[in-house]
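Peer 1: Here's the letter readout for the chains.
Number of protein chains: 4
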Amino acid sequence: MIEMMTDGALAIPKLLLDSYAEIGLDEAQCMMILQIFKYIKEGNAFPTPNELAGKMSCDASQCSNHLRELVQRGFLDIVQEKDGSVYSESYSLEPLWNRLMSVHMLSRTQHQKIEQED
Amino acid sequence: MIEMMTDGALAIPKLLLDSYAEIGLDEAQCMMILQIFKYIKEGNAFPTPNELAGKMSCDASQCSNHLRELVQRGFLDIVQEKDGSVYSESYSLEPLWNRLMSVHMLSRTQHQKIEQED
Amino acid sequence: MIEMMTDGALAIPKLLLDSYAEIGLDEAQCMMILQIFKYIKEGNAFPTPNELAGKMSCDASQCSNHLRELVQRGFLDIVQEKDGSVYSESYSLEPLWNRLMSVHMLSRTQHQKIEQED
Amino acid sequence: MIEMMTDGALAIPKLLLDSYAEIGLDEAQCMMILQIFKYIKEGNAFPTPNELAGKMSCDASQCSNHLRELVQRGFLDIVQEKDGSVYSESYSLEPLWNRLMSVHMLSRTQHQKIEQED
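If you read the protein sequences in the order shown, they are chains E, P, R and F.
Just so we're aligned, residue 1 is where the first sequence starts under UniProt numbering, counting upward by one.
Just so we're aligned, residue 1 is where the second sequence starts under UniProt numbering, counting upward by one.
Just so we're aligned, residue 1 is where the third sequence starts under UniProt numbering, counting upward by one.
Just so we're aligned, residue 1 is where the fourth sequence starts under UniProt numbering, counting upward by one.
Okay, chain E solo, but in the shape it has when bound (with noise of 0.2 angstroms):
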């Protein structure tokens, strides 16, 4: 129950509960980007597709293609890192934030603009 009190919420952007759809991600695709959110402020920045899969209706395979999509549709980058001889891949949601920003941008202007015309 402390655990609960003090790890219990994860706290995600409105905007993208608010604009997902608009920007062309299905309630699917949604989901994902908010359990590789999860695992990216828990420390694991890459999660593989069976982790993904241990969370949601879609079996490894699934998850597979649906990660090979928003890296294809520019929603997800893999960014690797090399440390000395070690090399390291992590998930960055970026791209998706910043196409998130312009929607939320472009319809503020447009709504100051409808304001003034008023």
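To be clear, the hints were calculated from the coordinates, so they are not data collected in a lab.
It is possible that part of the hints are untrue.
To be verified - Keeping only pairs whose Cα atoms sit at most 25 angstroms apart, straight-line, the calculated DSS-like set for lysine-lysine is:
| hint | chain 1 | residue 1 | chain 2 | residue 2 |
| --- | --- | --- | --- | --- |
| 1 | R | K38 | F | K41 |
| 2 | E | K55 | P | K113 |
| 3 | R | K41 | R | K82 |
To be verified - Interface residues of chain R toward chain F, partial, derived using beta-carbon atoms under 7 angstroms:
| hint | residue |
| --- | --- |
| 4 | A11 |
| 5 | A21 |
| 6 | I23 |
| 7 | E27 |
| 8 | M31 |
| 9 | K38 |
| 10 | I40 |
| 11 | G43 |
| 12 | A53 |
| 13 | D59 |
| 14 | A60 |
| 15 | T109 |
Here the structure is a predicted model, which is why all the values come from computation and not from measurement.
The C-beta atom is built at its ideal place from N, Cα and C for all residues, glycine as well.
The hints should help you fit chains P, R and F onto chain E, whose structure is shown.
Peer 2: Positioned in the frame of chain E, the structure of chains P, R and F alone reads:
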């Protein structure tokens, strides 16, 4: 930008992300629940199918079907209140949280059992 | 326990924790701001000194003094609205967020300058 | 701005804001706990008095005193771990959460008693 700082985040229960699949929800249903959770937090406890459809990749009639199914399967309650001669309705996610909590408790008990047997 | 899961967490701006001292607030003032922020989020935008004192280690008259000082120093606004013949008042933390944002922007600019000079 | 959206918020337990005064903490001590909580969440489980002083309105030696007092009064634990020949130390807020939970449970029990008597 200030709004993003002070009202840009929604604190959601991690347990929902961890266990929605385990209790038989798919991604579209879980996203609908997150949308309803957000509406409730923002003071609108009975969002219409139209309002939900405006944020999701399904139309109002599909949203209606999803809502009906969530109610029928016992994840969502509709609470009716009478204030004088005015009736109002609101959604309650209480049944969902109860199920998630049961699953959580059960898995903790099993975990402890295994640890004791080791 | 369900309440702890669904309503136990408050998402607060990290920037407040990082920079309240820098903008000239002490710990008691920052805690009072956090309390006001929480009341606003929960739908009570004008908590009384008594309500605040009920959660803090100072009494109602000390809370009044703190509130007055926060207003005088330009961290807190009192907004008056008239709805028909009914006046209502609410606190706005807008001036505080503006200051925090200025400090944040300034420190980022200086940071970039230093990086460019290197 | 993207960082503000994805990493600008910290989800803190409301119970801390509601009941720190009740368990005998003042505002400065509660703010120090919030700072430690934030450091732990960000992966630094043993912030130095210097690091804390950098975010607070007291200097490093005052921070040391506050930390010592929180430990002595049983709100804060220092946990020592040995990994091979390397010792590491970290703060645990477990004792604090336990106290807050006790206070919360007690007040709920009393509440229910009063309701039953009515």
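Peer 1: It remains to establish, for every hint, whether it holds in the given structure.
Peer 2: To see whether the hints hold, each was checked on the structure:
no.: 1; hint: R:K38 x F:K41; in the structure: 21 angstroms, holds
no.: 2; hint: E:K55 x P:K113; in the structure: 23 angstroms, holds
no.: 3; hint: R:K41 x R:K82; in the structure: 21 angstroms, holds
no.: 4; hint: A11; in the structure: 4 angstroms, holds
no.: 5; hint: A21; in the structure: 4 angstroms, holds
no.: 6; hint: I23; in the structure: 11 angstroms, violated
no.: 7; hint: E27; in the structure: 4 angstroms, holds
no.: 8; hint: M31; in the structure: 4 angstroms, holds
no.: 9; hint: K38; in the structure: 6 angstroms, holds
no.: 10; hint: I40; in the structure: 13 angstroms, violated
no.: 11; hint: G43; in the structure: 14 angstroms, violated
no.: 12; hint: A53; in the structure: 9 angstroms, violated
no.: 13; hint: D59; in the structure: 11 angstroms, violated
no.: 14; hint: A60; in the structure: 13 angstroms, violated
no.: 15; hint: T109; in the structure: 14 angstroms, violated
Taken one by one, the earlier hints fail for this structure at numbers 6, 10, 11, 12, 13, 14 and 15, listed in ascending order.
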